[in-house]
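Protein chains in written order, with our numbering: chain A, 1 to 522; chain B, 1001 to 1234.
Derived from the structure by calculation, the hints contain no laboratory data.
All C-beta atoms in this analysis are idealised placements derived from N, C-alpha and C, irrespective of residue type, glycine included.
Possibly wrong hints are sitting among the right ones.
To be verified - To be clear about the criterion: a stretch of chain A counts as covered by chain B if any three or more of its residues have a C-beta under 8 Å from a C-beta of chain B, and this derived list gives those stretches:
no., segment
1, 361-367
2, 389-402
Stated by the list, open to error - Derived CB-CB ranges, DEER-like:
no., chain 1, residue 1, chain 2, residue 2, range
3, B, S1139, A, S334, 40 to 48 Å
4, A, E488, B, T1232, 36 to 44 Å
5, B, D1099, A, S334, 32 to 40 Å
6, B, A1117, A, N340, 16 to 24 Å
7, B, E1212, A, Q453, 37 to 45 Å
8, B, K1022, A, K385, 39 to 47 Å
9, B, S1139, A, E488, 40 to 48 Å
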Amino acid sequence: MEKVNIERMPKWLIYVLLTLLISVLTWILGIYAEELEIVNIALIYLFPVLLSAVYGGLFPALFAAGVGVLALDFFFIAPQLSFTVSDLRYLISFGVYLSVAGLTASLADRLKRQAQQARQREAHTASLYAFSRQIGEVSDVSSLLDGVTKQLTQTIGAETSVYLPDSSGTLRRVHASSPDTSRDDERVREEEVLVRMVYEEGQQVGRGSQTLRELPGRYMPLRTEERTYGVLVLRVPADQRNTGNWLTEEQQLLLEALCGLAAAAIARFTLAEEAKLAHLTAESERLRAAILDSVSHELRTPLAAVIGSATGLIENDELFSKEDRMELLETIRSGSMRMNRLVQNLLGMVRLESGMLQLRREWCDIQDLLGVSLAQIQDIRGHRKLRVNLPDELPMVRGDEVLLEQMIDNILGNAIKYSPDGSVIDIEAKVSEDTLVLSIADEGSGLTAGEEQRVFEKFYRSDSTLHVSGTGLGLAICKGIADLHGGEIAIASRTDGKQGAIVWVRLPLPEMPEKRSGQDGE
Amino acid sequence: MGNEAHAGARILIVDDEPQIRKLLKVTLAAHGYVVQEADTGEEGIRQASIFHPDLIVLDLGLPDLTGMEVLMRIRDWSGIPVLVLTAKDREADKITALDAGADDYITKPFGMGELVARIRVALRHSAKSTDEPIIRSGSLTIDLAQRIVELNEERIKLTPTEYDLLKALAAHAGKVVTQRQLLQQVWGNQHDEGDSHYLRIYIGHLRKKLEEDPSQPRFIITEPGVGYRFLTQE
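Here chain A stands alone, though its shape is the one from the complex (with noise of 0.2 Å):
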C-alpha cells in the first residue's frame, strides 16, 4: 500500500516530505551533537538519500544528498550555521558522501526498475498462462474468442474484434469485446478491406507494426506455421489516438503471445471439425451402403418372386394345374408381406430416428401386448411350442402400447425366425424391483461371443445367420423403442444349458395411481 501511495504522489510532494524528514533529522542531530562523532552524523545523512532512492527513484535521493550535505555544513561543520568550511578537508568528506549518495541512489533506482519489470513480465506470464490453460478447457470456437478478447481488454484496455472465415471463405465480425454503436459505413469498409488484405498476407499492419502506422488500430492475423485462420483488430482507445507509442514493449509481445495461442486454439478446432466431418461422412457412407446392400436384396428377392410368379400365371395360364396356381399365388402372397415387413420396419427407424415421433404415455398391460403379439405370429410360428410364464398380477407400465407391441412383436419374430421348427420358445415376465422384465428365449443357434451389441446396430446381420432373410432393422428398432421408454433391452446366447439366445426388455414401473374408492366391488 505504502509503495503504491508513494508511486502516485505528485512529485512536489516527495521533495516536501523528503525536505521535512531531513529537518527532523537536523534537528534530532542536533540534540545529541555533543555526543555523536562529525563522521557518524554524516552517514545518518545518508538514511534520506537510500529512502527516497528505494521509493522515490533518481532525482528524489539526489535531491535528498544535496539538501543532506547543506544541512551538514551548516548545522555541524565548524563554524557552525554558516555555509563557509573552515577545514578544507571536510570538502573531500563532502566530495565522498555524494559520490556514496549519487551510486547508492542510481542503483537502487535501477534496481526498482528492474523489480518493476520482473513484476510486469511476472503478471504477463501469468496471465498468459492462466489464458493458455482456459483455452485448453474451452470446446467451442465462441467461448474461446471471449476469452482473447477479455484478456485484452485486460491487459491492453483497447477494444477488440475478430473476423472469422465463414464456410463460403467471406470473414465475417464474429466476436467484439463491445457491441459497436458508433460504426459508420466507411469506417468499416475501411477495417473489412484491411482485415482481408492482413489474412491474405498474414502479416501485421496498423499502429506499432512496420506498416500503414498512422491507422487508429492494429491488425493481427491469428496464424500458426500452416495458415492463417483469422485476423484480430485492436482499436486504438480514443483518448490515446496522438501517443506515438501506443503499446509498450511487454504489451506488445503479450499481443503476440495471445495472438499466437488464438490461433493454435483455432487450428484445434478446425481440426477436431474436420476430423469429426470425416468420421460422420466415412459412416453415413457405410450406412449408406449398408441400406442399399440390404434395401436392395430384401426388395429385390420378394420382387423377383412376385412379379415373376405373377407374369407366369397371366401369361400361361393354362399350362397350370389347380395346385400349381395356388402355390404361384401363395408366392406372391408371401413375397408381399416380405416386402411390406420391410417398409414398415424402414419406416418405423426414420420415424424412430427423426425425433418427430410423439411418445403416447398410456397405462399398457404387457400380458394384453403379448397376447396381440402371439396372435400376430400365429402364421410364421409353424410348430414351434410357445411357452408363457406371467404372474398372476402383472403391473402396468407407461407408455405407447403400439411401439411396444412394434417391439415384442421384432423379439418373437425373431426367436421363431432363428429357432427350428418344432424348438420351444420360453416367454416370461416378472417384477424386479422398480421393473418389469420380459424375457424370451429361443433354441436356436444363439449368438456368436462379441456380438451381443453390435446386433442392435442399424443394419447389422450376423455371418452365421445370413442364410435367414432379414434388413438388420428389427433389434435396432427394439432398442429404439427401449430407450424412448426410459428401458433397457439386451440379448446373450443362454446360460441355462440350453442351446440358443435369450432377449431381456426392462421397463420402469411407474407408481400405480390411487384405487377410486367406491368403484366397483366383487
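Based on the hints, put chain B in the right spot on chain A.
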C-alpha cells in the same frame, strides 16, 4: 356364408388410388355387392347422397379434402356405416375417425377376407333394428335381459362393472370400440384420462373369467393404441 343376407348391398368406395379402387371393385363385386367409386372427397360426398349406399369405404388420405372432413360432412346428415382405410402407423387418425363416428377401420395393406368380414359386421349392425336380448359367441352366452353370462353352460359371476364392460363390447360384436367409447359407456361422463388404467384392469379381470388362456384371448382382443374388439365365433 352369410353374404347372401347382404347380397346386393350398395357400397361406395372413396379412394384416390385407382389400383385400390380396382381391387376393391373387383373383389366386392365378386362377393355380390353393388359397387360405386369416387376418386375425390367432394365426389364421395356427392355420391353418398345420390347413390344411397348401404356402406362407405373411405380412405383417410385423400388429395382434396381430408378423409376426416368427408366423414364429418357425411355424418352431418347420415348414419350410413363408414369403414375407414388407414396406414398402419396412424393410430391417432384411427381413434379420431372412430370417435367421430366411423364404424370400423382397416389398415393398409389388408387381406380381402378381413375387409369382407368387417363390411359384413358393419352391415349387420346397421340392419339390426332392435338389440337382440341374447348374444352368443361360441361357448359364451350373454343374456342382456336377465344380466346372465354363461360359459360352457356354466354361469359366470361378474361384478357390475365387468358386466357393463362386457355388454358394451358384445353389443358391438365384431366392431372395434375405442377406449374412450368404453369409458364413456361404462363409467359415464365422469371418467378422465387416468381411468384407462382401470379399463385395462377390468379387461384383465374379464379375460381371467372368460378366456381359457388370458395371454391368447379368443373373445376380447386388443387393438393396440385404439381399443378392443369382441369377436364372435360362428
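Hints and how they fare:
1. 361-367: Contact hint for the segment 361-367 of chain A vs chain B: holds, 5 residues under 8 Å.
2. 389-402: Coverage by chain B holds here, the residue count being 5 at a Cβ distance below 8 Å.
3. S1139(B) x S334(A): 40 to 48 Å: Given range 40 to 48 Å: violated, Cβ gap about 34 Å.
4. E488(A) x T1232(B): 36 to 44 Å: The hinted range 36 to 44 Å holds for E488(A) and T1232(B), with Cβ atoms some 41 Å apart.
5. D1099(B) x S334(A): 32 to 40 Å: 36 Å, holds
6. A1117(B) x N340(A): 16 to 24 Å: For A1117(B) and N340(A) the Cβ distance comes to about 20 Å; the hint holds.
7. E1212(B) x Q453(A): 37 to 45 Å: Since the Cβ atoms of E1212(B) and Q453(A) sit about 41 Å apart, the hinted range of 37 to 45 Å holds.
8. K1022(B) x K385(A): 39 to 47 Å: 43 Å, holds
9. S1139(B) x E488(A): 40 to 48 Å: Between S1139(B) and E488(A), where Cβ atoms are some 42 Å apart, the hint holds.
The earlier numbered hint that this structure contradicts is number 3, and it is the only one.
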